[in-house]
Amino acid sequence: MKAPLHTTGEVLSSKRVGAYQHLTVVAPGVAERFRPGTFVAVSVDGTRLARRALWIHGVRAVGGHGPALQLVVEPVGPGTRWLAERPVGARLELTGPLGRAFALPKEPVATLLVGEGYAAAPLFPLAERLRERGCQVNLLLAAPDERHLLSALEARRSARAVTVVTADGSVGRRGSVADVVAGVLAQAAAEVVYAAGPVPTLHAVAAVAEQAGAWSQTAVEQPLTCGTGLCHGCPLPVVGEDGVARVVRACTEGPVVRGDRVRWAELAGTRPGAGGPA
Amino acid sequence: MIDLPNPVVVAAGCGGTGRELAALGALEGIGAFTTRSLTLNPRAGGPAPRIAETPSGLVHSTGLPGPGLEIFLATELPWLVQQGLRVVVSLSGASVAEHAEVARRLAQAPGIRALEVDLAVPDARAHGLLDVREPFHAANVVAAVVREAQDLPVLAKVRSDVLRVAESARVVTDAGASAVVVGGPQAAALPDGRPAGLSGPAVLPLALRCVGEVRAALPGVPVIGCGGISTAADARAFLDAGAVAVQVGTALLHDPTTAARIAADLAGGPS
Numbered sequence: 001m002k003a004p005l006h007t008t009g010e011v012l013s014s015k016r017v018g019a020y021q022h023l024t025v026v027a028p029g030v031a032e033r034f035r036p037g038t039f040v041a042v043s044v045d046g047t048r049l050a051r052r053a054l055w056i057h058g059v060r061a062v063g064g065h066g067p068a069l070q071l072v073v074e075p076v077g078p079g080t081r082w083l084a085e086r087p088v089g090a091r092l093e094l095t096g097p098l099g100r101a102f103a104l105p106k107e108p109v110a111t112l113l114v115g116e117g118y119a120a121a122p123l124f125p126l127a128e129r130l131r132e133r134g135c136q137v138n139l140l141l142a143a144p145d146e147r148h149l150l151s152a153l154e155a156r157r158s159a160r161a162v163t164v165v166t167a168d169g170s171v172g173r174r175g176s177v178a179d180v181v182a183g184v185l186a187q188a189a190a191e192v193v194y195a196a197g198p199v200p201t202l203h204a205v206a207a208v209a210e211q212a213g214a215w216s217q218t219a220v221e222q223p224l225t226c227g228t229g230l231c232h233g234c235p236l237p238v239v240g241e242d243g244v245a246r247v248v249r250a251c252t253e254g255p256v257v258r259g260d261r262v263r264w265a266e267l268a269g270t271r272p273g274a275g276g277p278a
Numbered sequence: 001m002i003d004l005p006n007p008v009v010v011a012a013g014c015g016g017t018g019r020e021l022a023a024l025g026a027l028e029g030i031g032a033f034t035t036r037s038l039t040l041n042p043r044a045g046g047p048a049p050r051i052a053e054t055p056s057g058l059v060h061s062t063g064l065p066g067p068g069l070e071i072f073l074a075t076e077l078p079w080l081v082q083q084g085l086r087v088v089v090s091l092s093g094a095s096v097a098e099h100a101e102v103a104r105r106l107a108q109a110p111g112i113r114a115l116e117v118d119l120a121v122p123d124a125r126a127h128g129l130l131d132v133r134e135p136f137h138a139a140n141v142v143a144a145v146v147r148e149a150q151d152l153p154v155l156a157k158v159r160s161d162v163l164r165v166a167e168s169a170r171v172v173t174d175a176g177a178s179a180v181v182v183g184g185p186q187a188a189a190l191p192d193g194r195p196a197g198l199s200g201p202a203v204l205p206l207a208l209r210c211v212g213e214v215r216a217a218l219p220g221v222p223v224i225g226c227g228g229i230s231t232a233a234d235a236r237a238f239l240d241a242g243a244v245a246v247q248v249g250t251a252l253l254h255d256p257t258t259a260a261r262i263a264a265d266l267a268g269g270p271s
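Going line by line, the protein sequences match chains A and B.
With full-length UniProt numbering, the residue at position 174 of the first sequence is 174, and numbering never jumps.
With full-length UniProt numbering, the residue at position 63 of the second sequence is 63, and numbering never jumps.
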């Protein structure tokens, strides 16, 4: 994998869609290195040292600028609100792309992509890569409500079948990923499952995939401070390839890890719904 | 002391394995690289959340996760040495005996320029590490490490308690430390009350005062300053206060290129 870059980007556009702010940022070299599942660490205003980790939703060519990053921000704290308020032309100090990307299957197999909330962002460019390889793409998108459902319209373009669930039933079926994932997986006859979302959702998907004999990859979000592997602030309990239990860094050994390698129960225990620096 | 081509050193516990910074070209021109504090056996580290943000600072209680000495010697140290870096190995432990054992084995490993004894872990007890509360505890550890370190210089990173830092520096140098590292994390607490350390620009004025206290009391002792340094001007303030070198730590978590940038600025000549 190509090394990440530490650079200054520029906001080319900033658009509110539902609960999320979609930023298009040109950062020379970063977009060229992007693979689905990687992220960028962005600095926010002066006295805040922790960086904000943002998923890369896609890369698109912007006239006169070359490829630009599409980033998704949920403005829920001082840092993410600051990011959401950056005007066009603002400079952003960022490092990326960081972390391990989703691994792509060697054969053109049927796949299921499960995403919840803004974390579904990396699944869209992943869907593109999978289709390029002849893989059948099925998408299961979830959110608490319609405002938090990411890019549902785009989803129709990038997947063969799309299932939408919301907790309040405002769009799609009422329910959660855990309620429907087994049925969707069986219907898609997926051999590979990719998931991105909160820990309980990932846990549910990994468990169902394992029962079905499917191979799963999960993009695990842990509270990140640096995103670059230096601070040890994002412990991720796993079982290594060698069968030995250890704690790795979610940012560097992850964020994408095999679903059957994560010690989900411990993860849930150590992080009762806590987010990172917001 | 070790001969440094540049006074900017990567601080313990903030430079990862070195590979993360190297991938960003962020080790270029630095004077030395300090490893995270190593213990004899692998450590998983403490529970999450481990780090909280506070204005101009980070509150942290990681519990010193690390690979243990054997894996470090087999996989991490050879790579660092191969990069041509001046490697300072930081060490910690649950007992004086563990410190001595780690030092003994490090002294046999090729390529290490110095050892740094981490006597400033503000949440040591919470993580089962030796709680170095009193200067004489620090002196005991340093004496044991110096005995095992053979020809390697031993740097002692002492608690940055303004009132006692000079006393700590005196006893650890009496015990054989070649230099003192002054101005590490301040004892603090995470939002949920767990013991932790506070680092970052918030602690810089305290660290600078600590350097001044040690220089005034012990003019002959080399002092390496650290604590909140994130610009070349910060580094110069410590050097002007009499530090022979500076360590850059927390700033790397915000901007991984900080140490390389400051090193280049300082190499560019006096401002």
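None of these hints come from the bench; they were simulated from the model.
Treat each hint with caution, since some may be false.
[As the list claims (entries may be wrong)] So these bits of chain B aren't anywhere near chain A, every CB distance computed over 10 angstroms:
| id | residue |
| --- | --- |
| 1 | L21 |
| 2 | A26 |
| 3 | G29 |
| 4 | L58 |
| 5 | E101 |
| 6 | R104 |
| 7 | P219 |
| 8 | H254 |
[Stated by the list, open to error] So, partial list: chain B residues that the calculated Cβ filter (under 10 angstroms) puts toward chain A:
| id | residue |
| --- | --- |
| 9 | G16 |
| 10 | T54 |
| 11 | A94 |
| 12 | S95 |
| 13 | A97 |
| 14 | A107 |
| 15 | P201 |
| 16 | P205 |
| 17 | R209 |
In this text, all values refer to a predicted model and were calculated from it rather than measured experimentally.
Quick reminder that beta carbons are idealized off the backbone N, C-alpha and C, glycines included.
We went through each hint and held it up to the structure:
At the 10 angstroms boundary, the C-beta of B/L21 falls inside the reach of chain A, the nearest C-beta of that chain being 7 angstroms off. At roughly 7 angstroms, the least C-beta separation between B/A26 and chain A is not larger than 10 angstroms, which violates its mark as non-interface. For B/G29, the requirement that its beta carbon stay farther than 10 angstroms from each beta carbon of chain A is met, with the minimum near 15 angstroms. Not every CB of chain A is more than 10 angstroms from the CB of B/L58 (nearest about 5 angstroms), against its label as outside the interface.
Residue placement check: B/E101 keeps its beta carbon more than 10 angstroms from all beta carbons of chain A (closest about 23 angstroms). For B/R104, the requirement that its beta carbon stay farther than 10 angstroms from each beta carbon of chain A is met, with the minimum near 26 angstroms. Remark: the non-interface label on B/P219 is consistent with the geometry, its nearest Cβ contact in chain A lying 34 angstroms away (cut-off 10 angstroms). Distance to chain A contradicts B/H254 as a non-interface residue, since its nearest Cβ pair spans about 5 angstroms, not more than 10 angstroms.
A distance limit of 10 angstroms between C-beta atoms decides the matter here; for B/G16 the minimum to chain A is near 5 angstroms, and the interface restraint holds. With its C-beta approaching chain A no nearer than about 9 angstroms, B/T54 sits inside the 10 angstroms limit, and its interface hint holds. For B/A94, the interface hint is violated, since its Cβ never comes within 10 angstroms of a Cβ in chain A; the closest pair sits about 19 angstroms apart. Taken as an interface hint, B/S95 does not check out: its beta carbon lies about 23 angstroms from the nearest beta carbon of chain A, beyond 10 angstroms.
Hint status for B/A97: violated, given a least beta-carbon distance of 26 angstroms to chain A, over 10 angstroms. Interface restraint check for B/A107: the shortest CB-CB distance to chain A comes to about 27 angstroms, outside 10 angstroms, so the restraint is violated. The interface hint given for B/P201 is met, as the beta carbon of that residue sits about 8 angstroms from the closest beta carbon of chain A, less than 10 angstroms. With 10 angstroms as the threshold, the beta carbon of B/P205 stays out of range of chain A, its nearest partner Cβ sitting at about 15 angstroms, so the hint is violated.
A cut of 10 angstroms between beta carbons decides the hint on B/R209: the least distance to chain A is about 21 angstroms, and the hint is violated.
Going down the numbered hints, you'll see the structure goes against 1, 2, 4, 8, 11, 12, 13, 14, 16, 17, while the others check out.
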